[in-house]
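Q: Sequence:
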Amino acid sequence: MKVSRTSLIGIYAGVSPFTGKIALEINPQETPLGICTSSGTVGHSLSLGAADAVIVLSHSAALADAAATAIGNKVIAAGDIDVVIEQVKVMPELVGVVIIKGDRMGMWGDVKLVPL
14 MKVSRTSLIG
24 IYAGVSPFTG
34 KIALEINPQE
44 TPLGICTSSG
54 TVGHSLSLGA
64 ADAVIVLSHS
74 AALADAAATA
84 IGNKVIAAGD
94 IDVVIEQVKV
104 MPELVGVVII
114 KGDRMGMWGD
124 VKLVPL
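If you read the sequence shown in the working numbering, its first letter stands for residue 14, the second for the next number, and so on.
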């Protein structure tokens, strides 16, 4: 995405209590930016994980898409969030990551979440 004014991107994570309650805030100076979401509980795509939502921000949209899928495949239970967040910290190509499983959420990087 490329924006000329601050924009909010709502987060949908299925039955998670975070759905419809939070959004990513994206400022113009942060763009262009690829933002991709993967889920093991929402949608028809095959996932090896069970995350309600994995959101990845990167300056490469293709990388954000691939990383969201790969990260989502590692989250089976809410207890996996912290371990997986530690693993993504070594990926300098990623701007930020948000992982949601049920009523638990973890995030890393340059991510600003705001209430809706």
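If you are wondering where the hints come from, they were derived from the structure by calculation, not from laboratory data.
Positions of the beta carbon are idealized from the N, C-alpha and C atoms, including for glycine.
Incorrect hints may have been included.
Label-pair restraints from in silico Cβ distances [to be verified]:
{"id": "1", "residue 1": "A90", "residue 2": "S17", "range": "36 to 44 Å"}
{"id": "2", "residue 1": "E99", "residue 2": "S20", "range": "23 to 31 Å"}
{"id": "3", "residue 1": "P41", "residue 2": "A90", "range": "18 to 26 Å"}
{"id": "4", "residue 1": "L129", "residue 2": "G56", "range": "16 to 24 Å"}
Mimicking BS3-like on lysine-lysine, the simulated pairs with C-alpha atoms at most 30 Å apart in a straight line are [as the list claims (entries may be wrong)]:
{"id": "5", "residue 1": "K87", "residue 2": "K125"}
{"id": "6", "residue 1": "K87", "residue 2": "K102"}
{"id": "7", "residue 1": "K34", "residue 2": "K15"}
{"id": "8", "residue 1": "K102", "residue 2": "K125"}
{"id": "9", "residue 1": "K15", "residue 2": "K125"}
{"id": "10", "residue 1": "K102", "residue 2": "K34"}
{"id": "11", "residue 1": "K87", "residue 2": "K34"}
{"id": "12", "residue 1": "K102", "residue 2": "K15"}
{"id": "13", "residue 1": "K125", "residue 2": "K34"}
Q: So if I understand the rule, the pair passes when the alpha-carbon distance is 30 Å or less; does K87 with K102 pass?
A: Holds, because 15 Å separates the two Cα atoms, which is no more than 30 Å.
Q: Between K34 and K15, is the straight-line Cα distance small enough, at 30 Å or below?
A: Roughly 24 Å between the alpha carbons, so the hint for K34 and K15 holds.
Q: Mind checking the alpha carbons of K87 and K34 for me, to see if they're no more than 30 Å apart?
A: holds (25 Å)
Q: Would the hint linking K102 and K34 be met if the CA-CA limit is 30 Å?
A: With Cα atoms ~26 Å apart, K102 and K34 stay inside 30 Å; holds.
Q: Check the following: the C-beta atoms of A90 and S17 are separated by a distance inside 36 to 44 Å.
A: Distance hint for A90, S17 holds at roughly 41 Å.
Q: Verify the proposed pairing of K102 with K125, using a straight-line Cα cut of 30 Å.
A: Status holds; Cα separation ~17 Å.
Q: For the pair we were handed, K87 and K125, check the Cα-Cα distance against 30 Å.
A: holds (23 Å)
Q: CA of K15 to CA of K125, is that 30 Å or under?
A: holds (17 Å)
Q: Using the C-beta atoms of P41 and A90, is the stated range 18 to 26 Å upheld?
A: violated (38 Å)
Q: Just to be careful, I want the Cα atoms of K102 and K15 compared with a cutoff of 30 Å; is the pair within it?
A: With a Cα-Cα distance of about 25 Å, the restraint between K102 and K15 holds, given a limit of 30 Å.
Q: A range of 23 to 31 Å was offered for this pair. Does it hold for the Cβ distance of E99 and S20?
A: Taking Cβ atoms as reference, E99 and S20 lie about 30 Å apart, which means the hint holds.
Q: Against the 30 Å threshold, does the CA-CA distance of K125 and K34 hold or violate the hint?
A: holds (14 Å)
Checked against the numbered hints listed earlier, the structure breaks hint 3 alone; every other hint is satisfied.
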